[in-house]
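Protein sequence lines correspond, in order, to chains A and B.
If you count by this note's numbering, then the first sequence holds residues 40 to 178, one letter each, in order.
If you count by this note's numbering, then the second sequence holds residues 633 to 1029, one letter each, in order.
If you are wondering where the hints come from, they were derived from the structure by calculation, not from laboratory data.
Bear in mind that the values here come from a model prediction, so they are computed numbers and not experimental data.
Among the clues, some could well be false.
To be verified - Here are the simulated lysine to any residue pairs, SDA-like style, with alpha carbons at most 25 Å apart:
1) B:1022 x A:169
2) A:69 x B:982
3) B:1022 x A:43
4) A:162 x B:653
5) A:45 x B:653
6) B:995 x A:147
7) A:47 x B:939
8) B:1019 x A:54
9) A:69 x B:995
10) A:121 x A:159
Said to hold, decoys possible - DEER-style ranges, computed between Cβ atoms:
11) B:921 x A:50: 23 to 31 Å
12) B:939 x A:64: 47 to 55 Å
13) B:1022 x A:142: 49 to 57 Å
14) B:1019 x A:146: 53 to 61 Å
15) A:91 x B:758: 47 to 55 Å
16) A:47 x B:974: 21 to 29 Å
As the list claims (entries may be wrong) - To be clear about the criterion: a stretch of chain B counts as covered by chain A if any three or more of its residues have a C-beta under 8 Å from a C-beta of chain A, and this derived list gives those stretches:
17) 826-832
18) 851-859
19) 1020-1029
We put the CB at the ideal spot given by N, CA and C, even for glycine.
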Amino acid sequence: MDPILKRKIMLEHYEHPIHRGLVEDDRYIKVNTSNESCIDNLDIMYKIEDGRISDIRFDGEACVISISATSIMIKNLIGKTKEEIMMILKNYENMIDQKEYDDAVLGELNVYHDIYQQPNRRKCALLPFESLKKIVDKM
Amino acid sequence: MHREDFPILKQELIYFDNSATTLKPQQVIDAVVDYYTTYTANAHRGDYDNSLKVDMMYEQVRTKVKDFIHCKDEKEVVFTSGTTDSLNKIIFGYMKCFLKPGDEVLITKAEHASNILPWLELEKEIGIKVKYIPLENHLVTLKNVENSITDKTKVISLAHITNVLGDIRPILEIGKLCRDHGILFVVDGAQSVPHIKIDVQEMNIDFLAFSAHKMLGPTGVGVLYGRLELLENMKPTCFGGGMNATFTSTGEVEYKSLPSRLEAGTPNIAGVIGMGAAIDYLMNLGMDNITKHERYLKAYFLEKAKEVPNLVIYNKEMEGSLIAFNIDGVFSQDTAVYLNHYHICVRAGNHCAKILKEDLLVKNTCRISFYFYNTVEEIDQLIAVLKNSKDIFQIVL
């Protein structure tokens, strides 16, 4: 992927992340995600309806990688079923871990394909997906 | 000063993370290597030459520490694995027996986790009360300490210099206050002992904890100082080899005298010997010279920082040798990754003082912390890189 385009996508999501700001609504499941190896700290809330994720919102303080990955994740997951989410999650983790993966299901998440080159940032890219794992069983 | 003594500085490296750990001079490396290459043996048990040499070298360090912190007696110096270990031994070895339910311990929200969490554990275990001295513009004032003292206050436990903002507490005056009120005074010296002169007697410090690795020494070794009559009543928290005099199968046990009683197991011999070399190095250099150079660097940085308009500095007024800052609008970790691109090492985070953010209203900062081997040229390079930070995301992404 073209590095300039990649940077543009990440920065766009960092500077104007979608669905930033939490809501007071009991129908959401709230998960706090903090990164053990650094200082990122995000709250992410998921709304599940009819077997699909119908909304995700987030807030908190984190680095450019974590914030952009959260925003891109939200964009990609809304409306998806559990099976679709599991597939995205598996392929995303495989990509971060340099294993075989299908880039066709990842959309803009492909911008993190070479994050392994910065080992300290790997966990930042995985951060929002850690919270996703905690709610996916409840679907 | 003395950069030639630090082999790591032959690399392209600007090391501004000295509050986390310091670089090691050749003298310290040689002392450790010498133990491992020419006289390896255990301490306190052999009758052969190398073992006797180890005993001598190991015990000599106690005298060096005694002279370094100006305590009365070598027996007051206990070797530990570092500040955290020392504080835990003070709190669970001494305070747990000494304190009664309802007794109050005064700390602040700006303490390192190691001077908060053991106290909170003890609060749960035996029902003491941990109270926070209110900070005034993030500082501990004598007035607030005095106002926080009640009939039930039995201990005041404070960092001498904090690791987030680098403010220096009025330890001498607080020590006097403690003496007048019959309060035990515990000082976390992790950030002060490497940088300024300490006199535990003059400062009326009852217990002092510090680490070797923040003062040129090896990792995994540190010191617990305790006033002799207090240490005599301190219960070991670790039992086994090296600390017992005799024991029988029926449970009759006699422990060794101080300080061996508090140093169970084979100690970190290489570490202690390395720490001795570090203390020699610092005493040769003179602690006052170190303090003076660091102050000069900080003043120089603050002057140059005026050229960087989007730099927010949180502790301009503090005396210590560290600087807490952010580039306006940039998350601290991104700044640290950006600086790393230019081989400049700084720390980003909340610096193990997680409840301070309740007062500071800033969750995370970048921290620069100087030591005597840092130079104005290094600061110039840092300032130049910070000035160019509009390109930050082209670098970090």
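In ascending order, which of the hints set out earlier in this document are inconsistent with the structure? Those not satisfied are hints 1, 5, 6, 7, 10, 11, 13, 14, 17, 18.
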